[in-house]
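Asker: Here is how the chains run, residue by residue.
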Amino acid sequence: MGTDLNKGGLTRRAALLRGASLAGGAILPIGLPTWAFAADYPPLGNFPEGVAGSTVFVGIDVPLTGTYADAGADEQKGIELAIEHLNGGNDLIKKISPKTTKGVLGKEVKSGAADEQAKANVAVQNATQFITDKKAMVVIGSVSSATAVALNHLAQDKKVIYLPGISGSNDTTGKDCTRYSFRACHYAYSASAAIAPVLLKALGKDRKAAYLTPDYTYGHTVYDSMTKFTEAAGWKTITNQLAPLGAPDYSALLLNIANSGADVLVNIGFGNDAVNSIKQAKQFGLLDKMTLVMPYLSPFLAKQVGADLMAGVYGTTEFWWTYGEKDATAKQFADAFKAKYGYNPEWGAHAGYLQIALWARAVETAGTFYPPEVIKAYENGEHIKDSTLGEVWWRPQDHQLVRPVFVVKGKKQADMKGPDDYYDIVEVVPGEGIMQAPDAFGCKLGEAT
Amino acid sequence: MLNWANFSSQLFNGLVSGALLALISAGLTIIYGTLGVLNLAHGALFMLGGYAGFVAFQETDSFVVAVIAGAVFVGIVGIVLERTIVRFFYDRPDEDQILVTFGLGIVLVELVRFGFGSLSQSISPPAWAAGVTSLGFMLYPTYRLLVFAIVAAALGGLYLLLYRTRLGLVVRAGIEDATMVDALGINVQRTFMTVFGIGAMAAGFAGIINAPIISITPNVGDDILIECFVVVVIGGVGSFPGAIVGGLVAGEIMSLTSMIDPSYSAVMLFAAMALVLALRPQGLFGTR
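Protein sequence lines, in the order shown, are assigned to chains A and B.
For the first sequence, the positions run 208 to 656 when my numbering is used.
For the second sequence, the positions run 208 to 495 when my numbering is used.
So here's chain B without its partners, still in its complex pose (with noise of 0.2 Å):
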């Protein structure tokens, strides 16, 4: 539907879900970037923080409580399965990190349908932003204008945390060389498990602020972690602004095609990430 009403709706639209696009890839981005290890589960992770977040809804009727717990409650899972598993494959193939965090995914997508099964959970958005509210060019529904708020302060967060800590010194450091850090006597160990928490917890509060747009199954998170992927690569892999940058790219993208074919967004985008893989492998904002 061409018209300037609808292009102006759609060209916003694309900002909001590519915000969202962009919390998740960034976590997905700065856990490849620090530890070299491209996270599988991530999708998983995602689907993890809106069944925690739902069990803290029904336990009570929060919805705040349940953004909470549901980012936490992944955070802690991330870091147990780094201290557990991930961490004796940091310096195993590539092959066997993506083997092992596939099957990570897998085991908690089966275990989240075998304690909840198959059929879609959902939560409501608190009442005060249930509604619609008016743009003047369109009306739009207040809980998406919520959300968008929330990742750009998520976000913003994170930036804070990578460029403006010690922790994101060493994490940004250990992007550019992680032997060299290692060499200078600091805490790779301890600075692995944070990230990895932090990138899984950026993953499951995305879970949670999603879920009363998306109604949670067990494999709610399996297209999220594909659209991600192509975010990471044309945002540049490993770097957070290109997965900022990415994020809105694909939002963008695919609300702007859906204006003129719906069947034709997700094409559109893999185009997109096809065009920046020959004109510039690194991605957008990748400096390798």
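Isolated chain A (complex conformation) (with noise of 0.2 Å):
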């Protein structure tokens, strides 16, 4: 009910933006062509109207509200930090971009952040306001992968460069795949394969598994990918317990799997739904007797459920700071942004400013806005050799980023070194071993033009 209000207000109100936009546009001058001054390119998407001047437009669709708020604010803040690492010139993009200088092609780059709430509907809204009103060459941001797919065919409809920022379903580079979208993070598929010879090792083969799983792409996926890896070195899947997306209380789901007889925990649980329904699990004595995994681990996760719960408990995430002790590059990133935002980051913020910093590589590469040419630079195969992950490369075929993925252990609080100190990394797994054929999903792109 008070959805429904809330969505009524922000209709009018785009609906008045939209007016005062077009009210803006009748006082152009009318017959001179925008596009003439850009160089042999047509108007395609928001190119040449979006960089026509000294700026160019960067949407932030994020997470604000609700049960991925955290995850959402994080990325938001990496986003950012990688905006102003590209105005100012810093060292740190220049590694992972060498031709940049300052801006994007010289252009000074802008952004507007919105909340989507998770909602793909709220998301999309946000983002076609970021293309229509403020003409944003790329829009940036996802905690749910359902506002990623969603995104995703938004802007291959739009020809706007859309980049996911935490987007674990298999989909979002598979099935929903488009032209216009490219994942740089780790996802169902490849942190189960990542995952699971580790599990089989610490835990053994003869275990039998409960699934907690939000009900969407993202749950759908990493249950798929993790009992395909899990089962075929023995382990057996005893049930699966689907959970609506923020749902507070997980009583009767753990009811269900205290009765089932598992061994084994698979939360697959995300943000605000992690915190609560690991809470709950150790309210309801599950903890005790069962074996936590969380295949797809969520940002702030240990620091809102406590290193007591967290100790011992294996994991994937997409970047896990204390990789600074081995990687300069990481280390720079880890650096940069607690000094700037007093905390070390989580693997939204990472996710957030790898993909701003392998845009501005891409356009720079590209040396032009134009989306087509934009995303021939993506899809050029060259091997980014100083990332923060270490070497990474777009893949061609589905803008899937071949990226280590990190396999971390809980820490037990005595032996934490920081208030941040929550994890060991257990292993960096390299990229190209944990990825299926590019088209096992369903991938089909589409066209540029």
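Please note that the accuracy of each hint is not assured.
Beta-carbon label-pair distances, calculated as ranges [as the list claims (entries may be wrong)]:
#	chain 1	residue 1	chain 2	residue 2	range
1	A	K382	B	D468	22 to 30 Å
2	A	G319	B	A485	41 to 49 Å
3	A	K317	B	R487	54 to 62 Å
4	A	G588	B	V474	46 to 54 Å
5	B	F321	A	G411	44 to 52 Å
Residues from chain A shown here face chain B by an in silico Cβ test under 10 Å; the list is partial [what the hints assert, rightly or not]:
#	residue
6	T272
7	A276
8	D340
9	Q448
10	G453
11	A454
12	A459
13	G478
14	N483
15	Q487
16	G492
17	G513
Chain B is faced by these chain A residues, among others (derived, beta-carbon under 7 Å) [as the list claims (entries may be wrong)]:
#	residue
18	G273
19	N297
20	L462
Calculated from the structure, these hints are not laboratory results.
For each residue, glycine too, the CB sits at the ideal point set by N, CA and C.
Relying on the hints, combine the two individually framed chains into one complex.
Answerer: So, in structure tokens, the structure goes:
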């Protein structure tokens, strides 16, 4: 009921904004085709209108309220740090995008953020406003894969590049992939392929697993991939409890699990859902008799449930800041982030930063903002030798970044060396070996023009 | 998972989670029944109770103090809101009341977000209630049992207040015919203020009681509010017994559906509401 009223308000404001921008547009001189200035390329999407001036606009579309608010806010910080680094010509971003001087192709990067509430319809509404009103050349951000896949299709439709931030579903670069979308973070399949051998070694092959799964594309594909890898090695899947996104009370599901006879609890929950389900699992006594596994670790999880509950828990993450002890570029990023925001970055921030840096690299390589050329630069297969993750490269067939996955294990409170020191990095698994064939999940990219 | 052990566990669990819904819904329904205002800020008041208790808990480390602080603080906020804003809307159309309380809810949520951020906060249950209790047929969190007892006591207290005191008499008479009560020379203004305060207090109390179970975020009241509307519609709008029975029915529907397929638990809840609206539009205990 509340949401409906909210929607009504937004729509009316959107209509007003649109009216205002139309009125503004009418004042522009007619008969002078703006694209005439932009060399050889015909108008497409927001090109060349979006880069006609001295700036280029990035629309940040992240959840700032609701179940995924904490990860969304962190992601926004990473994106904004990258934009600051671009505009200031910072050394770190020049490592990832060597042709960068200041800004992108000499244009200052401007940005605006909107709260998509982890709802696909709101995310699409925000992105549409960024594209039509702000003439955004790129839209970035997601925590829920449901919003990421919706924006994938919007991007293809509007011919504006879209960069998911956090999106764990196989579908994002699988059946819902599009030519205009590029995903940098790890995902269901690569996370499961990375963690399964570690789990089998640590927990044994004769285990009975119960799954707690968010009931949408992210949860479903992590479940599919985890069961694929663990069952092949001998684990049995006893039950799969599907929970709606944002469900506060897990008691009924946890009772089902308690009565199922399983001895491993694989919790696919993310954001505040992960926090609530873990705490309640503890209260129901489940964590005393079952081993908790988090195949796709949520940012800030350990901070919110406490080191006690996370000690010994295995999970995967896109980035963990102590990787800086091994990699100078990773350290440079973690230090810069901490200096600005006062805490070590979680992986939403890292994914956001990396996406902006890789976008700047592609645009600088293309030498133009004309989207098909930028896409060609993304697809050129070039290896990026020095990123915050070591060597990475884009797979041209499905626009998935080939990148390592971090398998981590929760630390005991007593072993923590500082306030953010929640995990030990067990293994950094290289990307090539843990990815499916590019067409295995039905990816058909579509056309660039 | 259909087996006898799970069925009995879920049946019991439905009762416990339903009790909490009943308490929050009771606050909502008392306010609507007496003042005629559908309070869309009720979810925000629930959330505020959690945060007020959280602050008190940080300061004193005492769960009992946190509970009292949460309830009292939200009760006071309720009274202030009623005196400064809501009372000017009693004679306005329903839409205005809905808009103003909805707006108040947004303001409260965003103020809390401004002060505390979106990261979830949590309160530990008191140490003596942190473990697991064996009920013979199942293991159940001790704290949830405690919540059930506390909520039952709170609902009992509300019952006594409504059915055994002069204030309760006025309130119930007001639900039946507010004009007549006014004509009898009773200070309806003060009664209204008190009722709004009590309703708010019930929400705040539930908010802090629930905090050790569900970690608190600025949006924690959003879904609860929707569930409470369903409870109130099932039980009968404005009916105190209706809120209790409606809450328990809602808890059982969600828990027992989860046993077969959790993804249908919300669907079944709304299906039950639709069924009640079709067969008995005034709700199970409603009179109008």
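Asker: Now, for every hint given, state plainly whether the structure supports it.
Answerer: Hint check:
In this structure the supplied range 22 to 30 Å holds for A:K382 paired with B:D468, their Cβ-Cβ distance being about 25 Å. Checking the proposed 41 to 49 Å range against A:G319 and B:A485 shows it holds: the Cβ atoms sit about 47 Å from each other. The hinted window of 54 to 62 Å between A:K317 and B:R487 holds, with their beta carbons roughly 58 Å apart. For A:G588 paired with B:V474, a C-beta distance near 47 Å keeps the hint of 46 to 54 Å intact.
Distance hint check: the CB atoms of B:F321 and A:G411 are about 49 Å apart, consistent with the given range 44 to 52 Å. The criterion of a C-beta within 10 Å of any C-beta in chain B is met by A:T272, whose closest approach is roughly 6 Å, and the hint holds. Contact between A:A276 and chain B, as hinted, is supported at the beta carbon level, the nearest pair being about 4 Å apart and thus within 10 Å. Residue-level restraint check for A:D340 is violated (minimum Cβ-Cβ distance to chain B is 23 Å; threshold 10 Å).
Interface restraint check: A:Q448 against chain B, minimum CB-CB distance 6 Å, threshold 10 Å, status holds. Because the smallest distance between the Cβ of A:G453 and any Cβ of chain B comes to about 7 Å, under 10 Å, the interface hint for this residue holds. Residue-level restraint check for A:A454 holds (minimum Cβ-Cβ distance to chain B is 8 Å; threshold 10 Å). For A:A459, the suggested interface contact is upheld, since its CB lies about 3 Å from the closest CB of chain B, less than 10 Å.
Because the closest C-beta pair between A:G478 and chain B is about 9 Å apart, less than 10 Å, the hint holds. Given the 10 Å rule on beta carbons, the hint for A:N483 holds: about 6 Å separates it from the nearest Cβ of chain B. Proximity of A:Q487 to chain B holds as hinted, the smallest CB-CB distance being about 7 Å (cut-off 10 Å). Among the interface hints, the one on A:G492 holds; its C-beta lies about 4 Å from the nearest C-beta in chain B, closer than the 10 Å criterion.
The restraint placing A:G513 at the interface with chain B holds, with a minimum CB-CB distance near 8 Å, inside the 10 Å limit. Annotation: interface hint on A:G273 holds; nearest CB of chain B at approximately 6 Å, less than 7 Å. The criterion of a C-beta within 7 Å of any C-beta in chain B is not met by A:N297, whose closest approach is roughly 27 Å, and the hint is violated. Using the Cβ-Cβ criterion of 7 Å, the hint placing A:L462 at the interface with chain B is satisfied: the shortest such distance is roughly 5 Å.
Hint violations for this structure: numbers 8, 19, all remaining hints satisfied.
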